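> Could you put together the complete structure from these sequences and hints?
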Amino acid sequence: MANSTPDGTIRLEVFRYSPEKTEAPWYQTYEVPFRKDWVVLDALNYIKDQSDGSLTFRWSCRMGVCGSCGMMVNGIPKLSCAAFLRDYYPNPIRVEPLANFPVLRDLVFQLDSFIEKLKSVQPWIVRKQEKPVSEGEYLQSPAEHARYKDFSMCINCMLCYAACPVVGLEPEFLGPAAIALAQRYNFDSRDQGRSLRQEVVASHDGIWQCTFVGECSAVCPKHVDPAGAIQQAKVASTVDWFKEVLWPWGAAR
Amino acid sequence: MESHEHDVLIIGGGGAGLRAAIELGESYPQLRVAVISKVYPMRSHTVAAEGGAAAVIKANDSLDRHAYDTVSGSDWLGDQDVIEAFVKEAPGEMIQLEHWGCPWSREPDGHVAVRPFGGMAIERTWFAADKTGFHMLHTLYQTALKFSGIKWYDECFVTKLLVEQGRCQGVAAIELLTGQVHAILAGAVIVCTGGAGRLFPFTTNGAIKTGDGMALAYRAGAPLKDMEFVQYHPTGLPGTGILITEAARGEGGLLVNKDGYRYLQDYGLGPPDPWPRLRAMELGPRDRLSQAFTQEETKGRTIPTPYGNVVYLDLRHLGEEKIDKKLPFVRELARNYAGIDPVHDPIPVRPVVHYVMGGIDTDIDTATVVQGLFAAGECACISLNGANRLGSNSLTELLVFGKRAARAAAQFALDHQVLASTQLKSQAEQEQQRIGSQYIRKQGGTERVATIRQELNRIMEAGAGIYRAADSLQKACSTIAILKDRFRNIVLDDRSVSFNTELISALELDFMLDVAQALVHSARLRTESRGSHQRTDYPARDDKNFLKHSMAYKTDGEPRIDYKNVVITRWPPGERVYGK
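Just so you know, the sequences run in chain order L and C. Numbering-wise (our numbering), the first sequence opens with residue 1 and increments by one. Numbering-wise (our numbering), the second sequence opens with residue 1 and increments by one.
Hints are computed from structural coordinates only; laboratory data are not their basis. One should not assume that every hint holds.
[What the hints assert, rightly or not] Derived DSSO-like pairs: lysine-lysine, alpha-carbon spacing no greater than 27 Å straight-line:
1) C:Lys554 / C:Lys160
2) C:Lys564 / C:Lys554
3) L:Lys149 / L:Lys234
4) L:Lys222 / C:Lys322
5) L:Lys149 / C:Lys322
6) C:Lys564 / C:Lys548
7) C:Lys325 / C:Lys58
8) L:Lys222 / C:Lys326
9) C:Lys146 / L:Lys222
10) L:Lys131 / C:Lys58
11) C:Lys146 / L:Lys128
12) C:Lys326 / L:Lys149
13) C:Lys151 / L:Lys119
14) C:Lys442 / L:Lys21
15) C:Lys580 / C:Lys299
16) L:Lys128 / L:Lys243
17) C:Lys580 / C:Lys258
18) C:Lys146 / L:Lys131
19) C:Lys88 / L:Lys131
20) L:Lys131 / L:Lys119
21) C:Lys58 / C:Lys88
22) L:Lys222 / C:Lys325
23) C:Lys484 / C:Lys160
24) C:Lys442 / C:Lys425
25) L:Lys131 / L:Lys149
26) L:Lys234 / L:Lys119
27) C:Lys58 / L:Lys149
28) C:Lys425 / C:Lys151
29) C:Lys325 / L:Lys149
30) L:Lys234 / C:Lys146
31) C:Lys258 / L:Lys36
32) C:Lys322 / C:Lys58
33) L:Lys119 / L:Lys222
34) C:Lys146 / L:Lys149
35) C:Lys58 / C:Lys326
36) L:Lys119 / C:Lys146
[Said to hold, decoys possible] From chain L, some residues computed to sit far from chain C (all C-beta separations above 12 Å):
37) Ile93
38) Pro171
39) Thr211
40) Val245
Keep in mind it's a predicted model, so treat the numbers as computed, not measured. Ideal Cβ positions, reconstructed from N, Cα and C, are used throughout, including at glycine.
Next comes the structure, spelled out in structure tokens:
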């Protein structure tokens, strides 16, 4: 990184919150070198290394796959490792923790509620009968693979929760990523667990909370399209309901 | 002080740790199992692996051929009993992961597809497009969530292994959120903390790969084995070090120098067939390819950029459809981070630190010499990879040996209860005191974490890079000793208790200095060239003196280096032949 030549500076206005010191959050301004191949995460690391070791944020892979470094960048949920300074320069950049989560410190937010929601949709293959490993793999055609592939790309970065207006109002809402991951398994030809997941997905806090704003899909860095997953789940649940009401003897479950 | 007790405690929530956790959940439901990780498990660096995982599955392949490729790839430093066990258990593990839902790429008939990989004579690399590690990690994590009995300590950083009565019986760990040190006791402990690529300035490794587990075990008395063997992956993006997977070459990508010439043919890797020829040219082993780059650089046949010299990885002839189907992540990364589209332009690449072959010495069942302490994955050195790891063996290694570690640790825990819990808790209390006085409440100090880390990075690259020599290694040894002294004078800006990431960085740096010291001393004393360890002053392999594992033991001063024999079963040392 150090080899590239800076081209002036750029201003970062960073949300700070340190409950041990003060109850109220504040914004701190930093001038950092502007390099056109730097991302917001590089600028934050520059600050932490050079001038302010107390600036607190999560990061690891800096290649858009570990999902650690989601932040609000000028009000929009972004992976800070994929938000280039050059897309904002020469204007200042405001960096805040992802919206709709409790803030623990500076840019670090509380993630535990998502882990619980993820667990609740049973994101694993459910089989009535397991096939022994000695019998080899389950066959899955490329077309069957394509049915769930996009939903399997979720990196749990939480940008969709930060963008979702319903998550902001109803913290119990399962939320886009957890529903997309439920669908990832529902659509997998190896899985037989949809009816188990339906109890959670089709519950009050599941898909019916979604007002289909579609912001989740707009901000997803991996093109998972959680809004599409929710819409498909609604249609499928409606079909379940019709089957139960109109053909109770032939219901899906 | 809070304390907790389990039967088996796993440190690290990457591929090996999660595989171990699932095995414990499935086969030992009576045991109390916990996973402690400094990040949420799905952030672990397994997530960044791209190309694939090797296991024999097709009719044209055989276990012996996988074993031979691995033995010769290791430059005969791999233990052949371990390699034989590995290739035998690999296919079952891969099928098991398929049953758990891993979205492997498929053949038209629905069977799992395989692709060619470097140093492998047969196509045997399973893949999930070019996000194999990501899919494996998330499949493992989501499957592990099925076991409600597993206790997860997310965002907790282990600072010390607690050893009493000659047995490792737990850890002291900081809970990031509260800043409190906990005593987490267990009958058996498995270290699965990954590698140490962050010792170097230019690496594919994420920020978290700081060698923590290696240092923890080393400090607890376990030797670090073969630490001098560090893998440079031949194709990283300049500047960021982001990995461009070997699968790009497996699918037919070509490496060319500034004249558009496939230079690998000049380094014993030819002939330059126009198709991807196995165990040749672009599909040679990583050590040879990275060394060839350096030779080309010396000859002035690379292309200068602001981030160092590069060669080109050319995928254009594969066409947009194949690139999007097989290598979508490569295209995304090249576009975002190199500003070029591989459909239309060649990708600039240079060798980048990727993997540490060395690690915590274990036996074939992952046991260390410290009773009750086991290790698996990149942090361990079970001697599968020897002097050079073949691409796509390490993801499979996580599964095979993660599971073996679970079984060995479970058996140990069934036979051994936690004893001496008072002394163990008192050790953890001393850790709390130490961290308070050395960091949080410390008076004075002038050294910044980042300054020492950057100087360590520089000396590691200068002293222990692709080519090494006595003088550069000696200088690295003395510089690291000085950096260790300077570290005592560290000062933190951040004196908060809650979520103090600067404190964690300092503790990681303290670990890195120990691991770096073991690495450069092992390298200095290995006066031969083998695999990834190339000495300009000793250019030949020396089986008479060095068909041996280096064993670095921690002392109060410089590490003590000892040696241990390599296990040879069926393949006596021979010449590594590629191409032809």
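> None of the hints should be skipped; say for each whether it holds.
Hints and how they fare:
no.	hint	in the structure
1	C:Lys554 / C:Lys160	15 Å, holds
2	C:Lys564 / C:Lys554	16 Å, holds
3	L:Lys149 / L:Lys234	19 Å, holds
4	L:Lys222 / C:Lys322	19 Å, holds
5	L:Lys149 / C:Lys322	17 Å, holds
6	C:Lys564 / C:Lys548	5 Å, holds
7	C:Lys325 / C:Lys58	22 Å, holds
8	L:Lys222 / C:Lys326	16 Å, holds
9	C:Lys146 / L:Lys222	25 Å, holds
10	L:Lys131 / C:Lys58	20 Å, holds
11	C:Lys146 / L:Lys128	15 Å, holds
12	C:Lys326 / L:Lys149	13 Å, holds
13	C:Lys151 / L:Lys119	13 Å, holds
14	C:Lys442 / L:Lys21	18 Å, holds
15	C:Lys580 / C:Lys299	24 Å, holds
16	L:Lys128 / L:Lys243	22 Å, holds
17	C:Lys580 / C:Lys258	25 Å, holds
18	C:Lys146 / L:Lys131	18 Å, holds
19	C:Lys88 / L:Lys131	20 Å, holds
20	L:Lys131 / L:Lys119	24 Å, holds
21	C:Lys58 / C:Lys88	14 Å, holds
22	L:Lys222 / C:Lys325	15 Å, holds
23	C:Lys484 / C:Lys160	18 Å, holds
24	C:Lys442 / C:Lys425	24 Å, holds
25	L:Lys131 / L:Lys149	22 Å, holds
26	L:Lys234 / L:Lys119	20 Å, holds
27	C:Lys58 / L:Lys149	24 Å, holds
28	C:Lys425 / C:Lys151	20 Å, holds
29	C:Lys325 / L:Lys149	12 Å, holds
30	L:Lys234 / C:Lys146	25 Å, holds
31	C:Lys258 / L:Lys36	25 Å, holds
32	C:Lys322 / C:Lys58	22 Å, holds
33	L:Lys119 / L:Lys222	21 Å, holds
34	C:Lys146 / L:Lys149	21 Å, holds
35	C:Lys58 / C:Lys326	20 Å, holds
36	L:Lys119 / C:Lys146	8 Å, holds
37	Ile93	18 Å, holds
38	Pro171	19 Å, holds
39	Thr211	28 Å, holds
40	Val245	33 Å, holds
Checked against the numbered hints above, the structure violates none of them.
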